[in-house]
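Student: The listed protein sequences correspond, in order, to chains L, X and S.
Just so we're aligned, residue 1 is where the first sequence starts under the working numbering, counting upward by one.
Just so we're aligned, residue 1001 is where the second sequence starts under the working numbering, counting upward by one.
Just so we're aligned, residue 2001 is where the third sequence starts under the working numbering, counting upward by one.
Keep in mind the hints are simulated off the structure, nothing from the lab.
Think of the CB as a built atom: it goes at the ideal place given N, C-alpha and C, for glycine as much as any other residue.
Take the hints with a grain of salt, since some may be wrong.
Not everything, but these chain L residues come out facing chain X in the computed CB check (under 8 Å) [said to hold, decoys possible]: (1) Glu132; (2) Glu154; (3) Val223; (4) Pro256.
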Amino acid sequence: MREVAIIGVGMTKFGELWDTPLRDLFATAAAECLEDAGVEREKVQSAYIGCMSGGLFVGQEHLASMLTDYAGLKGISATRVESACASGGAAFRAAWMEVASGMSDFVLAGGVEKMNDGADATYCLATAADQEYEVYNGVTFPGLYAMIANAHMEKYGTTPQMLAQVAVKNHANGALNPKAQFQMKITQDTVLGAVRVAEPLGLFDCSPVTDGAACVLLAPVEVAKKLGKPIVKVIGAGHATDTIALHDREDLAAIPAVGEAARRAYEMAGVGPDDIDVAEVHDCFTIAEIVCSEELGFFERGKAGQAALDGVTALDGAKPINTSGGLKSKGHPVGASGIAQICELTLQLTGRAGERQLKKKPRIALAQNMGGSGGSCTVHILEVEQ
Amino acid sequence: MITPRYHREIPQRYRLEGGKCTQCGEVHFPPRAVCRKCGGREMETVDLPRRGKVLTHTTIWIPPAQFESQKPYVVAVVELENGVRLTCMVADAPPDEVKIGTEVEIIFRKLQSDPRWEVLQYGYKAKVVG
Amino acid sequence: MIGIVGYGSYVPRYRIKADDIANQWGADAESFKKGLLLEEKTVPGPDEDTITISVAAGRDALKRAGIDPKEIGSCYIGSESHPYAVKPSGTIVIEALGIGPEVHVADFEFACKAGTEAMYVAYSHVKSGEMKYALGIGADTSQGAPGDALEYTASAGGSAFIMGKEKVAAEILHTYSYTSDTPDFWRREGEFYPRHAGRFTGEPAYFEHVLSSARGILELSGLKPEDFRFAVFHMPNGKFPLRAGKALGFKKEQLEQGWVVNLMGNTYSGSSPTGLASCLDVAKPGDLMLITSFGSGAGSDSFILRATDRLPEIQGLAPKVRDQLADRRIHLDYGKYVAYRGKIRMNEI
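The shape of chain L in the complex, shown without the other chains (with noise of 0.2 Å):
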């Protein structure tokens, strides 16, 4: 296997962008990763990439073609990966693997959502879950990630306010996001006095319903080397699936596929969680992010809520979480998430990322991307060079 690097980054204002179809905002994204790696379209030789449901949400499908085409990158073999919300991370991997095998050079990986287009965004979302034996008897997203809640809480007595403090902290990071959804801090208050959506969970427990994509060009290190960028390095690549129902997993209060697919990850990059200087968790609701961060090592199982009201996962803590702002304040457009995580961690680790950035650059970075209530997920681990 080769060893990739990633060599441009790309990715549209995050929001609800009412003027924009979809096949625009992906082309947009395209075209400002091929700018920032400052490679010609026609070197690119293959795409991945990730959306969860243009059937649903725009009643369009075929996408890779159409989306190549708008993109300029006409005639290329491209593909559209699904794997729920952990659409982008998936594609991600497949434009990984197809550079790291040595059959192309030049491969995009990116993601997209149009989720502001009239659909019932409830229920389009709920199609990542068991339509037949979950959403069937009435269960929502919201609701599978509130009832993993309440078993946390139970398991670990884990508290509303810790929650909270997920939101509150990611505000605070997405305020200095220019391309985050949410450029406003909010309080602890905002979160526990909001609109309920699914006990335990209120609206700012909830990542937001968002238009945006976001590419990353591919390419093996010794051709990076070639076109003098900083080299950052994927350096470990696991991924894992479980149950699509969350009634079938032993543990209520675990994601065991996140656990999975980082113990791959991390084998294969030979580094541990203690190494992670800086990680982008799948915080489509607060407890995701503490849930995940205990399943990727950070923590130990029922610590992660603690740390985050400590203000370890802060900008400025020991294990800093979400730079970007996370899904919840930079925002969700499903398939363009997984991609996006990688753009950012990508910024952190060439100090490009202004006013967010870690005031001690970070060298090995982490992004996690899940699907469903956790019936997909990768981890990617890159590392970049001094």
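Based on these hints, arrange chains X and S on the given structure of chain L.
Tutor: Only chains X and S this time, still in chain L's reference frame:
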């Protein structure tokens, strides 16, 4: 039109029928073509017990459109007496009546009735055992 | 011996008080409560209808009968609120109860009499020897127009009875029916709420049929009111059944146990059957019971039953009617009530 799928799932939705692997005895709900434990492919129909307890729960305040008329409502993961688990609403339950460990019984209710021109969709819910 | 092998009733958990309906429409609550002899009525949840009520009652009837559902040869559901305009309720009920597919199924409608109709036909099948067991159910989620006197009474609930020749818990000794074309209450196709002919629903309709039917079966049987432990008459309100009972010579003690209307309202097809179930809950072997239904349009069915030694054995196998009436009630305000009953015009999905 949801009719073919609805009809196919009547044994599970109406009667809580599971599938038991004739090779290793693993009970699945819903029934599976291939046993998750041993890979066996021969299943026999079994009626699941109707009593169980709540493993975790939530109160849904913002539901999809087809459940709008029932909000707020409680949803729970229920473990039946034989260990089989399922997700269902808890009928007629004020939110504070349902806790982790609450004993429930599976009952038959109308789950969805919108849109108006579709068939009515019935199935199982839980009821707190008083 | 032919009779009831198992029975079950279902009472929804939700209620609305007569006071709240009266307050909503600027009516004098006390005079309505006094006139109707009714405190509150049951309200079906948004996820309940004639089918779910029938399944709940049917399941308890099966528990008490202790028989294999596959042995049931017919299933009849009497209701004036079948959820579908076209498509049977009974097919859903048999699938949920594990009955059939070798079974004869039909939905009946005869205003408030459809429940005893279902019982009557089920009983006749067993009597003729056509089948071993037969199931008859009366259930309703009845509607009354907002502000109409009917709104104080129209409620939800139902009862199910399995008829058979073996394992009989209450023998059916006699049946009798009395029917004429008397248009006191109706609902035309496409109309949402029923209409009624005011005081014409009383003497020419209810009392003419109930009293004639009860007198007919008493004469047929040679029994007198004092021979009975319990008597049940259809309960469109609290007053009518008590007046009918008194006119026939029954005493208050004979009427009270089956008189569930003050706490339950008029469950239409489920009304007198649920009154009977309440009597079966406490009857002792040898006790005689009379039940007379009434359906607008109009007609009455009467049954005379005698409890057997098996009845006490099955009474405790499922929840009793009066326990359900008392158990964990949730009172709705008028706004919530009309929302649950689908009386608010909503945008369609």
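Student: Tell me the numbers of any earlier hints that the structure contravenes, in ascending order.
Tutor: Hints 3 and 4 are the ones this structure does not satisfy, whereas the remaining hints hold.
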